[in-house]
Amino acid sequence: MRGFPTSPSHKWEALPGSPSAVWDEKKEMLLRSTAFSLSIARRRRFPLLIFATLLLTSIFYNQKYHPFAPPPRNAHPRGKGSFDGTWNYTRDARNLMLSESQCMLAFPDLYHEIDRAVEDRRSNHITLKEMDEMPSTDDGYIRAMIYDQQLYMINATSGINSRGEASLHALHRALLTSPEPLPNIEFTMSVGDTAESANPRWTYARQKSMTSLWLMPDFGYWSWPEPKIGSYSEIQMKAEQMDAKVPWMRKIDKLIWRGAHLKLLVREQLVNASRGKSWADVKMIVWDDNAKGKAHDAFTMDEHCMYKFVAHTEGVSYSARLQNLQNCRSVIVAHKMSWLQHHHHLMVSSGPNQNFVEVAKDFSDLEVTMEGLLSGEAGRGNLKAERIAENNVRTFRERYLTPAAEACYWRQLVRGWATVSFEPEFYKESTGQKEQWRGVPIESYLLMRQMEWNYH
8 MRGFPTSPSH
18 KWEALPGSPS
28 AVWDEKKEML
38 LRSTAFSLSI
48 ARRRRFPLLI
58 FATLLLTSIF
68 YNQKYHPFAP
78 PPRNAHPRGK
88 GSFDGTWNYT
98 RDARNLMLSE
108 SQCMLAFPDL
118 YHEIDRAVED
128 RRSNHITLKE
138 MDEMPSTDDG
148 YIRAMIYDQQ
158 LYMINATSGI
168 NSRGEASLHA
178 LHRALLTSPE
188 PLPNIEFTMS
198 VGDTAESANP
208 RWTYARQKSM
218 TSLWLMPDFG
228 YWSWPEPKIG
238 SYSEIQMKAE
248 QMDAKVPWMR
258 KIDKLIWRGA
268 HLKLLVREQL
278 VNASRGKSWA
288 DVKMIVWDDN
298 AKGKAHDAFT
308 MDEHCMYKFV
318 AHTEGVSYSA
328 RLQNLQNCRS
338 VIVAHKMSWL
348 QHHHHLMVSS
358 GPNQNFVEVA
368 KDFSDLEVTM
378 EGLLSGEAGR
388 GNLKAERIAE
398 NNVRTFRERY
408 LTPAAEACYW
418 RQLVRGWATV
428 SFEPEFYKES
438 TGQKEQWRGV
448 PIESYLLMRQ
458 MEWNYH
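By my numbering, the letter at position 56 of the sequence shown is numbered 63, and the numbering carries on one by one without gaps.
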């Protein structure tokens, strides 16, 4: 029986200290030890010495070189590539670091509301006096500034749930991920359902006549946790998964709607127009039933994607549910809306790029509309409804409502506001030796949720 070769001629050539040289050293040690043990075993001498040699060699080798340890994971996964001037949903949807020029290429039609608001104040710039005159006791009032790339809170009142914090988080993320410096600005937000139109401020929605209001992305683009809707990225991921699980031909041929009454006529009209219809799955929700452990008909956002047709109604003003429903590969059926959000100009109700179906404000033509859509479903040649659903996904979920688009919109909102506004002051007017900051850094405010607090 021959032992393993141990001559230097069998060693791999490698540079000293290189990984292959280290492995050669390990291999050489193991070969020598094994050859020695086997040579003794061949002569059948000293069995105890053989066992001890093998055991000690194994322990030493394992402790020093860990030959059986799993290989380390790759800590630098391959990226999807950088933006090349042409939008690619798979590659670019979560790229929060697009430059201004890249944002314009990726989302050329996104900034309509910003352009409108800038034009409205081009010859009459926003002043500090205007901002000081705004009522600072209204619910959901926020006054803040961006100074040297840092977001500061100046004043705030309590608002609806976590809306204010959500919008501040989203704006802060857009600042932190900006590849270019943003201008200093001072601004006010209104995070309620409605806002007074007399003074310029950032808000979620406006009526057409409210030209002084500047539209910012809805709070839900960060998260809407109270009704367990979750973060917007979560909504999009689940909608995409549901669409993959339930493709168009397997979706339910009905119109789905769930919502609270809120004493709103438009919601009553939807329920009345669809009552008893074979194409309708429309029901009011009583949230107290859920709290009391009773059965109810609530649907998660992604469960809406199991249906071919999804109804939308406005709420007290606008409804924050719309941008969630637009993540489904389904046909959005909405009444003529009175309130505009920052992306509503992208909704097309007719033509080859149609991405939703518009009906009368009172839903009086809903039955005729649904029968027309469903008659098309019965024929193999009529793919109108499927085309509308596909346009909906392509326009919103796969482009203009992506995290990348939201970050681009926030940064362009800051730039637009700066062009027609004043340069903010960082310090309060000096009253003594100390100069007092006008704002609290956003990081501390978002943790404490107040402007002042005691040591503890």
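Keep in mind that a hint or two might mislead.
Claimed, not checked - Result set (DSS-like, lysine-lysine): computed pairs, CA atoms no more than 25 Å apart in a straight line:
#, residue 1, residue 2
1, Lys245, Lys235
2, Lys391, Lys284
3, Lys343, Lys215
4, Lys245, Lys215
5, Lys284, Lys215
6, Lys290, Lys343
7, Lys270, Lys87
8, Lys235, Lys215
9, Lys252, Lys215
10, Lys261, Lys87
11, Lys235, Lys284
12, Lys368, Lys391
13, Lys261, Lys136
14, Lys343, Lys270
15, Lys215, Lys270
16, Lys290, Lys235
17, Lys270, Lys252
18, Lys270, Lys245
19, Lys245, Lys284
20, Lys290, Lys368
21, Lys261, Lys215
To be verified - Label-pair restraints from in silico Cβ distances:
#, residue 1, residue 2, range
22, Ser345, Pro234, 19 to 27 Å
23, Met455, Met291, 19 to 27 Å
24, Gln214, Glu397, 30 to 38 Å
25, Glu241, Gln157, 40 to 48 Å
26, Met256, Arg456, 43 to 51 Å
27, Pro186, Gln457, 54 to 62 Å
28, Glu397, Lys343, 18 to 26 Å
In short, the hints are calculated from the structure, not lab data.
Glycine included, C-beta positions come from ideal geometry on N, C-alpha and C.
Against the structure, the hints come out as follows:
1. Lys245 with Lys235: 13 Å, holds
2. Lys391 with Lys284: 22 Å, holds
3. Lys343 with Lys215: 13 Å, holds
4. Lys245 with Lys215: Given that 25 Å is the threshold and the Cα spacing comes to 33 Å, the pair is violated.
5. Lys284 with Lys215: 34 Å, violated
6. Lys290 with Lys343: 21 Å, holds
7. Lys270 with Lys87: Roughly 48 Å between the alpha carbons, so the hint for Lys270 and Lys87 is violated.
8. Lys235 with Lys215: Violated, at roughly 31 Å.
9. Lys252 with Lys215: 40 Å, violated
10. Lys261 with Lys87: Answer violated: Lys261 to Lys87 is near 38 Å, above 25 Å.
11. Lys235 with Lys284: Outside the cut-off at roughly 30 Å; violated.
12. Lys368 with Lys391: 23 Å, holds
13. Lys261 with Lys136: 54 Å, violated
14. Lys343 with Lys270: Measuring from Cα to Cα gives roughly 19 Å; hence the hint holds.
15. Lys215 with Lys270: 24 Å, holds
16. Lys290 with Lys235: Status holds; Cα separation ~19 Å.
17. Lys270 with Lys252: Not satisfied, since the Cα-Cα distance of roughly 36 Å exceeds 25 Å.
18. Lys270 with Lys245: Violated, at roughly 31 Å.
19. Lys245 with Lys284: With Cα atoms ~29 Å apart, Lys245 and Lys284 exceed 25 Å; violated.
20. Lys290 with Lys368: Between Lys290 and Lys368 the Cα gap is close to 18 Å, so the pair holds against 25 Å.
21. Lys261 with Lys215: 32 Å, violated
22. Ser345 with Pro234: 19 to 27 Å: 23 Å, holds
23. Met455 with Met291: 19 to 27 Å: 39 Å, violated
24. Gln214 with Glu397: 30 to 38 Å: The hint (30 to 38 Å, Cβ to Cβ) holds, given that Gln214 and Glu397 are roughly 31 Å apart.
25. Glu241 with Gln157: 40 to 48 Å: Violated - the Cβ-Cβ distance for Glu241 and Gln157, about 29 Å, lies outside 40 to 48 Å.
26. Met256 with Arg456: 43 to 51 Å: 49 Å, holds
27. Pro186 with Gln457: 54 to 62 Å: 33 Å, violated
28. Glu397 with Lys343: 18 to 26 Å: Hint holds: Cβ distance 24 Å, inside 18 to 26 Å.
The structure does not agree with the numbered hints 4, 5, 7, 8, 9, 10, 11, 13, 17, 18, 19, 21, 23, 25, 27 stated previously, though it agrees with the rest.
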